[in-house]
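Chains as they are written, first to last, in UniProt numbering: chain P, 1 to 478; chain R, 1 to 478; chain E, 1 to 478; chain W, 1 to 478.
Fair warning: there could be bad hints in the mix.
The list treats identical chains as interchangeable, and a pair is accepted whether it falls inside one copy or across any two copies.
The list that follows gives simulated cross-link-like pairs (lysine to aspartate or glutamate, EDC-like), each with its CA atoms no further than 16 Å apart [stated by the list, open to error]:
#1 Lys287 x Asp440
#2 Lys328 x Glu296
#3 Lys328 x Asp305
#4 Lys115 x Glu131
#5 Lys176 x Glu131
#6 Lys356 x Glu227
#7 Lys349 x Glu227
#8 Lys115 x Glu391
#9 Lys115 x Glu135
#10 Lys255 x Asp456
#11 Lys60 x Glu442
#12 Lys287 x Glu74
#13 Lys390 x Asp298
#14 Lys328 x Glu227
#15 Lys176 x Asp466
#16 Lys115 x Glu104
#17 Lys171 x Glu159
#18 Lys429 x Glu391
Please keep in mind that the hints were generated in silico from the structure rather than gathered at the bench.
Since we're looking at a predicted model, the values are computed, not measured.
Protein chains: 4
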Amino acid sequence: MDNVVSEFISDELHEECGVFGIYDLAGGEVASSIYYGLFALQHRGQESCGIAVSDTNGPKGVVKSCKGMGLVNEVFNPDNLSNLHGNIGVGHVRYSTAGASSVENTQPLVLNYVKGTLALAHNGNLTNAPELKNELSYTGAIFQTTIDSEVIAYHIARERLNTPNVESAVKNAMMKIKGAYSLIVMSPRKLIGARDPFGFRPLVIGKRDNAYVLASETCALDAVSAEFVRDVQPGEIVTIGADGIESDTSLCIQKPARCIFEYIYFARPDSYLDGVSVYNSRIMAGKILAQMHPCEADIVVGVPDSGNVAAMGFSLESGIPYGMGFIKNSYVGRTFIKPKQSVRESSVKIKLNVLKEVVNGKRVVMIDDSIVRGTTSERIVRMLKTAGAKEVHVRISSPPFLNPCYFGTDVPSCDQLIAHNNTVEEICKMLGADSLGYLDGERLSELIAGDSGYCDACFSGRYPVDPPQDDIRGDYDK
Amino acid sequence: MDNVVSEFISDELHEECGVFGIYDLAGGEVASSIYYGLFALQHRGQESCGIAVSDTNGPKGVVKSCKGMGLVNEVFNPDNLSNLHGNIGVGHVRYSTAGASSVENTQPLVLNYVKGTLALAHNGNLTNAPELKNELSYTGAIFQTTIDSEVIAYHIARERLNTPNVESAVKNAMMKIKGAYSLIVMSPRKLIGARDPFGFRPLVIGKRDNAYVLASETCALDAVSAEFVRDVQPGEIVTIGADGIESDTSLCIQKPARCIFEYIYFARPDSYLDGVSVYNSRIMAGKILAQMHPCEADIVVGVPDSGNVAAMGFSLESGIPYGMGFIKNSYVGRTFIKPKQSVRESSVKIKLNVLKEVVNGKRVVMIDDSIVRGTTSERIVRMLKTAGAKEVHVRISSPPFLNPCYFGTDVPSCDQLIAHNNTVEEICKMLGADSLGYLDGERLSELIAGDSGYCDACFSGRYPVDPPQDDIRGDYDK
Amino acid sequence: MDNVVSEFISDELHEECGVFGIYDLAGGEVASSIYYGLFALQHRGQESCGIAVSDTNGPKGVVKSCKGMGLVNEVFNPDNLSNLHGNIGVGHVRYSTAGASSVENTQPLVLNYVKGTLALAHNGNLTNAPELKNELSYTGAIFQTTIDSEVIAYHIARERLNTPNVESAVKNAMMKIKGAYSLIVMSPRKLIGARDPFGFRPLVIGKRDNAYVLASETCALDAVSAEFVRDVQPGEIVTIGADGIESDTSLCIQKPARCIFEYIYFARPDSYLDGVSVYNSRIMAGKILAQMHPCEADIVVGVPDSGNVAAMGFSLESGIPYGMGFIKNSYVGRTFIKPKQSVRESSVKIKLNVLKEVVNGKRVVMIDDSIVRGTTSERIVRMLKTAGAKEVHVRISSPPFLNPCYFGTDVPSCDQLIAHNNTVEEICKMLGADSLGYLDGERLSELIAGDSGYCDACFSGRYPVDPPQDDIRGDYDK
Amino acid sequence: MDNVVSEFISDELHEECGVFGIYDLAGGEVASSIYYGLFALQHRGQESCGIAVSDTNGPKGVVKSCKGMGLVNEVFNPDNLSNLHGNIGVGHVRYSTAGASSVENTQPLVLNYVKGTLALAHNGNLTNAPELKNELSYTGAIFQTTIDSEVIAYHIARERLNTPNVESAVKNAMMKIKGAYSLIVMSPRKLIGARDPFGFRPLVIGKRDNAYVLASETCALDAVSAEFVRDVQPGEIVTIGADGIESDTSLCIQKPARCIFEYIYFARPDSYLDGVSVYNSRIMAGKILAQMHPCEADIVVGVPDSGNVAAMGFSLESGIPYGMGFIKNSYVGRTFIKPKQSVRESSVKIKLNVLKEVVNGKRVVMIDDSIVRGTTSERIVRMLKTAGAKEVHVRISSPPFLNPCYFGTDVPSCDQLIAHNNTVEEICKMLGADSLGYLDGERLSELIAGDSGYCDACFSGRYPVDPPQDDIRGDYDK
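Okay, chain P solo, but in the shape it has when bound (with noise of 0.2 Å):
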C-alpha cells in the first residue's frame, strides 16, 4: 500500500489519487479539516500532497496554497497551516509513477482564469488526454504540468466563457474529457464535486454542522467527525454554495462502472463507498475463495495490511482458524533506500516478518490481495516455509491481472504481469507455493452486492472507455 522498499515496489499497485474538499458556510477555517482528511486519505497517494483555501467573504479569488512533495505530515507544520485562513478548500494527496514525479505536477492546481480563480484536484486518469491536449496546443494553450488535471481546467476555462456560472462550465467540459475522474474543483464561491459517468473512483458527501465536505472515502469523513451525507452519484455535478448544495445529474448513465479493485485492495476497509462496506466485500471475497478452492490447512493468515479481511473471509468459511502469520514492521516508512555495500539482506524482510510460533509445522492459507509480478509473493512464501510451514496454500482475493489500467491506478503493461504470460499452474510452482487459487472474475459483482456496475477491465479486458490510442505520459522531465 505504501512504496516503501525499492525491491518490495515493483509487486504492489497504487492508487494514484485522494481528494477531498470543505466549504464551511457558517465561515470557520477549514485548513486543519483538509489536514486532517488527508491524512485519512494518505494510503491513495503518498508522493506528494497540497492544500488550496479561500475565503468566501474575503476579496474574491484570494486562494492561498501549500503543496510539496512526501507525506502530508512532512509537507505541513503549524506555521504554514496557519497561513491556510479561509472557510473554502480543497486537499489532495498524490501517487505517480517517477518520471513525472516533480513539484510542479502536485495538486490541488491553483490558476487564475476569466473568472479570477479556481483549485482543482482529480483523482483518476483521462483516457483522450492526448488528444485534446493536442486539440488545445493548436488554439495556442501551453502546459505546465503533464498532469491531466491542467486538460480540464483548460476545458473549464474555456466552457467558461460561454456559460453563466462554473457548474455549468465544469459540465460542458465533462461532455469533453473521456475516462476517469472524481474532482473537485474550488471556485471564489462555490466547491464543486463531479464523479465522471462510470464513476471509476469514488466521491462522497459529508457534513458537519454548517461545513459540507466532499472526499475520496468515507474514512476521511471520520476523520473531521463529519457525517455521511451519500455518495456522489457517477456523472453527477454537486455545487455547494452559500445556499447549500444543489445536484445535476443529466450527466448520469444507466449503468456505470465503478473500479472494483478499490474494494479489494485501494480503498481504507473502515470506508463505505457507492453503498458498500469496503471490509464486507473483503470479508465476501475471502469466503468466495474458500468456496471455489477449498483445501485442507490449519491456519489462514492474511498478508498484512490488505491481506487481513479476506483472510478473515476465508476462515469463516471454512472453519480454519485465522491466525497473525506476520508482524510488519510500521517504521520503515515511505521510502527505503538499501545501502550501497548491502548484498545478502532482503528488503522483504524489513518490513515483514515471519511468526514462526503461528505457522511452524502448519499447513497455511496465506491470503493476499493480487500477484502483480510475482516477485514479492514468492519471497513471502519462501519465508513461511523456512519459518516452518509444512504446506503454504496461496489465495488471491482477486482474479489474475491481465491488463493494462487507464483509469487511475498503475497496473503495469502486460508484459510485466505474471499472469499475462504463465498459467496458474505455472505461476503456484514459480511461488513455491503447494496450492494457488485466484477469485473467479464470475463471481466479483458479489463483492459489492449485487451488479450495479463495475470495472474489471484489469482482469476481463473488457474496457467500458475506450484506452487511449497513445501513451499519456508527457514529454518533458522536471
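Guided by the hints, dock chains R, E and W onto chain P, whose structure is given.
Here is chains R, E and W on its own, set in the frame of chain P:
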C-alpha cells in the same frame, strides 16, 4: 508503541533502548547489517539512533560513527552508511523523556581511554548512577552526557587500568553498577555482550556464517538472516574475539528478574526472549483474561497493534469470535503536531478509526495491553460506542500499574497512574466501559511458562533491586 | 545589494532578475557553465533560481529542469546538476517582492506547446501584462503563475501557430508586449535572445569555442571564460541555431531607454553594458558629485559595497584621500532574522562596522548610491559620528528618487520615498548629516558617455513607455 | 578568510576559533547578545558554533545549550535562541581541519563535574595535550572528543577538588597546560576569562550597562554596543561575579608572544588587540613594503578582502594610486562544490573577477597578506595579466612562511609551504610575477608599535614554547 500523537503519547509507555552488535570474523563489512538490525529494533526507541564501526584488521582503535536524532531511516542514508567501513560494530536505538533528548545523549557512546577506543550501547537504567557519578566526580571525572552509559564507560576505563583485558574490566565494572543493563561493548579487537544479573532487559546471540551477532531481540536476528544461538544469561558476559565466543557466568545468580512487561508489550511478538515466545505469552495473557474475567459478548477486538495477539488468545479461550475492530493509520509517523487552529478533531482519530461494520450492534470485548493514565482508553471506548457497539467490555492483558519502573521504561510516577488513585470499578466508570478486567498478577508466571524469575515491580511493588534514592535525571539540559 | 537584514532591506533596491543561456554547437554539456554563470549574476536576484537544459541531438523537446527557492549554491548540488544533461540551456536568478515569492514563480518557465517544448527566462516587467492577461483569459487561457513570462509564453505559443519558426513567433509576440524584457528562449533546436526596443535591461552575447552564450552582464561571460562578442541591441532578436547566430533588427528603434540605474547600482562594476564600463560610470558619478557638491573634508568613504567606486571618483576629482570607512560582515548571508528577545542591537550593526581609526576626528565625505526611505542612511551617519567623525557630508551618486519604476526594479511607491516628501535640506537634517548633495539629473548622460538613450524615469518622471494602468500584482498568493 | 572554494582553500589559512562570553549582573537575557557577538567573530571560524547559557538566579547549574555545524545564521534561529534563557553565557565559533570536523567537537563544551556544571569555550592549541591526555587516561579518564578543551576541563575539574573556588582551579590548571589558549569558563555563578602567559590569542573585556563582556576581538564589543574596557593580559585570569570583576595576574610573565599574524591577517581590521589597531598594523605593513620593495607602477591593488588595507598603506607611502582591482562575489557562501561535469572553469573565478578597467594597460602592484602554497597567487597574477596588466609586482604583507604553527592556526607542514622549498626569485617565477617582495621579518615589531612581545615562529622558527612532540590529532574519527 510509538510517540506519534502528542495527546496520545501521554498514555503510552516507552521502552528506552535497543542494542545491536556484530563482529564478522571473516572481515566482511557490517554497517548495513547493523542498519537492518536497528530497523527491526526500532519499536524499542524512536528518538535517536547511531552506529559505530571499526576494522579489527585496520589501525588499532579507529572508530567511525554516525549518530542522530530521528528514526533509522531518517538518520542513515547510503552516503553516511558507505563511510562506515569495518567488520565489527555496534548500533543503538533510543527513546528518552523530553528533558534529556539531545544529540549529546545519542548512543553508541564512542570514546578514547587508556587502551584506545571503546564504543558502548546500553539498554536499561542504573539505579545507583547518581551515587556513582558523585563518587566519580570526587576523583575528578567530568560528564558530558546525562546517560548511564557514560558512568559505565568510566568504570570500565578505570577497571581496565588493573585488569589484563577489557572483558575483565567489564566484569569488575558490573560489580559496581546496579540496576538494569544489557550492554554491548566494542573494543578494538573484541565485541562484548553483558547482561545484568537480574536480566531485566533481553540480549540474544546469533550467528551468520563467520559473523556473531548480539541483539536485544531475536527479530533483529531474523532481519539479518542470522540464526538464533542462545540468550545471553542474566549476569553473563560473552566475549567475541578472533577465536570465537567465550562466556563468563561467574556473576550469574540463582533467580533473575526479567521484565515481564517485555512479553506483555515492549518486545515484538515475533521475538523469543529467554526461551519464551512473546507471541505465546500474549496468547496466554488473553486466555487467562478470558478465564478470570469472562463475559457475554459477540466479538473480541484488540487495540492495535499491541492488543491484537491477546485478543486472539481471549477469542480462543472464550469462543467469542475475533474481529478486526480498528484500522490504524500507518502514515501518521513518529511525530504528529496538531495544527494551531484545530479545535474539534481529536488526535486519536488520526491514528485509529473503528470498523463500524465489525462492532455495530455488537457486544464488544476490547483488549488492550495496559492503562496508564486512562485518557486514550476512554476515547477508544467512546469511539466504539459511537460506532454502534452495544456494550464495551475492556480487558487489560496486564495487572494495574501501581508503581514506577526504574529499570529502563518510563512508567510515570504514582500520582499520574489511574490505577494508583482509583479502584477498578472507578476506572471502569471513568472509561465509560460496561465492565473492566485486569490480568491477575498471581498468574503472570504463566506468561513465561513457569516462574523462571521475572520482575513485576510496576504491578506488585516488589523491586528486585532497591530503587534509586534520588531522581536520576541529570541537572543540565542541552 | 542583498536582502540580508530585515530592517536593512527596507532601504535597499532590488533588481528583479538575471538570465543566462548557452548553446554548445559541438554538443558539450552546459549545465555547469550555467551554474557558474548564475553565480556571477547572483546579485541580480537572490530569492530563487533555476536551470533548464535540453539535448539538441536527443529526442526532440525533452527538457530537464531544476528550480528552487534560495541562492544558487543552496538550490544546486552535484547530484541535481549531474542530472541536467544537455548541450543547450537557460538559467535564471530572481528577486521578487514577498507576495509572489513562491516556487510556482521560479524561472525558467518550462512548458509544452504545439511545437514541443519551450523554456523561457525573463528579466524585466511588462507594463501591459494585466491587459494581455485579460485578453488571453477571454480566449480561455489559464494562468498558473503571477509572472510576466507566462504572458510572453502564451503569445509566443499563439503566434507560433501562424509563423514558420520560433524566432518569428517571438518577434510577433514582441509586437504585442510592452515594457521591459530581456528574454532568453530555448526551443528544442534553438536558443533565442531578445531585448525590448527600449533596451531597459541589458543582454550580452559571448562565445567560447563552439558555444554561444547569452547573459545579463559581461561578468557572467568572464565567469565561464567566454569572450564578449557584443551586446544584443535594444529591439534585436538573435537566434542561435546549428548554423550559428542570426540577427533580426527590424524592431529596433531610433533611441532606446536603457536603465541608468543599472550603471549606478544594479550591475556589477566589472561588467560592460552597451559598451560602457559600469566601473567608469561610477567613477564619473563620483567626479560629478565632487564638482557639483564640493566640500572641505579629510577623507572620502563609500558605503560598501556599492558606494566604493563612486567614492574613489570623488576622491580623484576632489583630491580628498579615499579611505576604507567600513568593514562589511560577509557572513551574514541572505537572510537575517532578529532574535525574539533582542531589543538593543541594531541589525545594521550586524552588517557594517565603522573603522574608527579611519574616521575618528575627521571630516568625512560619505558616498552612497541612493537614498530610498532614509532609515539606513540615518543609522550609518550616526555610526560615523559615534566613531568620532567631526562632520559627515553625504553625497549620493544618483538623483533623488521621486517616482516608481515599472521596468523591472522595486523602487517603491511615492509615499515611501523620502525625496518625494521632503526637500534636500529636510532630508539632510533627518539624516543628521552636515551637508547632503545628490547627483544632478542633468548630468546623468555623462555616466554613459553621451546620450545614447537612457531611462531615468525614477528620477525625472519621464516614462519612455506608459506606466501600467493598474497594479500589476497578481491576485492570488501561493 | 573563508573555506569557500575547494581549490581555493588549499591556499588560505584559518584561525581556529573565536570566543564570546557575557554576564549581565542585572539579570537580563544574554543569548541574543552572544548571537550578535558570534556574528562579528564569524571570520575566526565558520565550521561550527554554539551557545551555552545559564541563569545565575535560577537553580544552580542548569545550563542550556545549542550547538551545530555551520555558520551562526545556519545554526541559530528565533526558536532555538528563545529557548536559551539566562543572564550568563558563553559562545564559540570554530574552524578545524577536516578529520576532526564533527558535532562532538563543537564548543562550548558543557559538562557536569563535582561542583555542578561548567561550560568552556577555547581558542588556541595546547602543545602538551597528548601528554596530558595520556596522563589523564592512566587515572581512568575517558575522552569523548578530540578537542583540547576536554583536557582543560579535566584539569579544572581535578584541581577544583582541592581549591576553594573555580578561578583557583583554572589557575592551577593553567600551570599544567602549555601552549595557546584564550579561554572563557562559565560556572553557575561566575564568568572567567583566561589567557595563556604568552598571550598567543587575543581576549578583550567590554562593558555595557550592568553586563560584562569577554570576546576574542573588540569588533564583537561593537556589535553588541559594549564599550571596550581593556585587554585581558597575557597570563591574567579575570573573574566576573556578582560583585564585579576581579583579576589575578600572578601567572603573567615578562615578555609575552602575541601572534603577529592576528594583525596581518586573522583579526578584523576594525578590531583593536592589545592596544593596537589592526587597521593601523596593516597600513604600516603596506608602508614598510613600499619602503623595502619599491617599484615603478601605475596602480596598487589589494587581493580582497585581506589585502586591501595593506594596499592602501603601500599607496600612501609610494604615492602610487590605490585602485579597486577585483570584484569579490559575496554570494559564494561558505562551501562551494564543483559540479561533477565541470572541466573548464576555475573555481577562483567564482570568487574573484578582475576589474579590467582598473588594470588594463597598467603596471600593477598587487598586495596580498601571505603566500602559502602559491597556487591561488599564481592564478590571480594570471587573471591580472589576462585583463591587460602590463606588469604585476607582487608584494606580500608578511614574511615568507617557513614553519608550521602549533598555537591555533593551520599553517601546514613545511613540505607544503612554497617558501620552504624555493627562493623568493623562484617563487616570483612560479607566480608569473614581474617582481616579488615579502615584508622583512626584522620590521615586524613596527606593526605593533614597538616590541611588546610577539610570536613570529611561522616566519622565524623561534617558538616561544616547545612544539608538541607528536602529532596532536586524535585517533578516532566520528
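Up to 16 Å CA-CA - glutamate 131 versus lysine 115, copy category: between (26 Å within a copy, 14 Å between copies)
Cα distance capped at 16 Å. Does lysine 255 pair with aspartate 456 within a copy, between copies, both, or neither? Answer is within; shortest intra-copy Cα gap is 14 Å, inter-copy 63 Å.
At 16 Å max between alpha carbons, let me know whether lysine 328 reaches glutamate 227 within a copy, between copies, both or neither. neither (32 Å within a copy, 20 Å between copies)
Within a copy, between copies, both or neither: which one fits lysine 287 and glutamate 74 at a CA-CA cutoff of 16 Å? For lysine 287 and glutamate 74, neither the intra-copy (39 Å) nor the inter-copy (41 Å) Cα distance is at most 16 Å.
With 16 Å as the alpha-carbon cut-off, assign the pair lysine 171 and glutamate 159 to within, between, both or neither. Within. Shortest intra-copy distance 9 Å satisfies the 16 Å Cα cut-off; inter-copy 30 Å does not.
Treating 16 Å as the Cα threshold, decide for lysine 115 and glutamate 104: within, between, both or neither. neither (23 Å within a copy, 21 Å between copies)
Quick one: lysine 328 to glutamate 296, C-alpha cut-off 16 Å, is that within a copy, between copies, both, or neither? neither (27 Å within a copy, 32 Å between copies)
Within, between, both or neither: how does the pair lysine 429, glutamate 391 come out at a Cα-Cα threshold of 16 Å? within (13 Å within a copy, 48 Å between copies)
What label fits lysine 115 with glutamate 135 when the C-alpha limit is 16 Å: within, between, both, or neither? between (23 Å within a copy, 12 Å between copies)
16 Å Cα cut-off: does lysine 328 pair with aspartate 305 within a copy, between copies, both or neither? both (8 Å within a copy, 10 Å between copies)
Copy assignment of lysine 356 with glutamate 227, given that the CA separation must stay at most 16 Å: between (43 Å within a copy, 13 Å between copies)
What label fits lysine 60 with glutamate 442 when the C-alpha limit is 16 Å: within, between, both, or neither? neither (53 Å within a copy, 46 Å between copies)
Checked against the numbered hints above, the structure violates hints 2, 8, 11, 12, 14 and 16; every other hint is satisfied.
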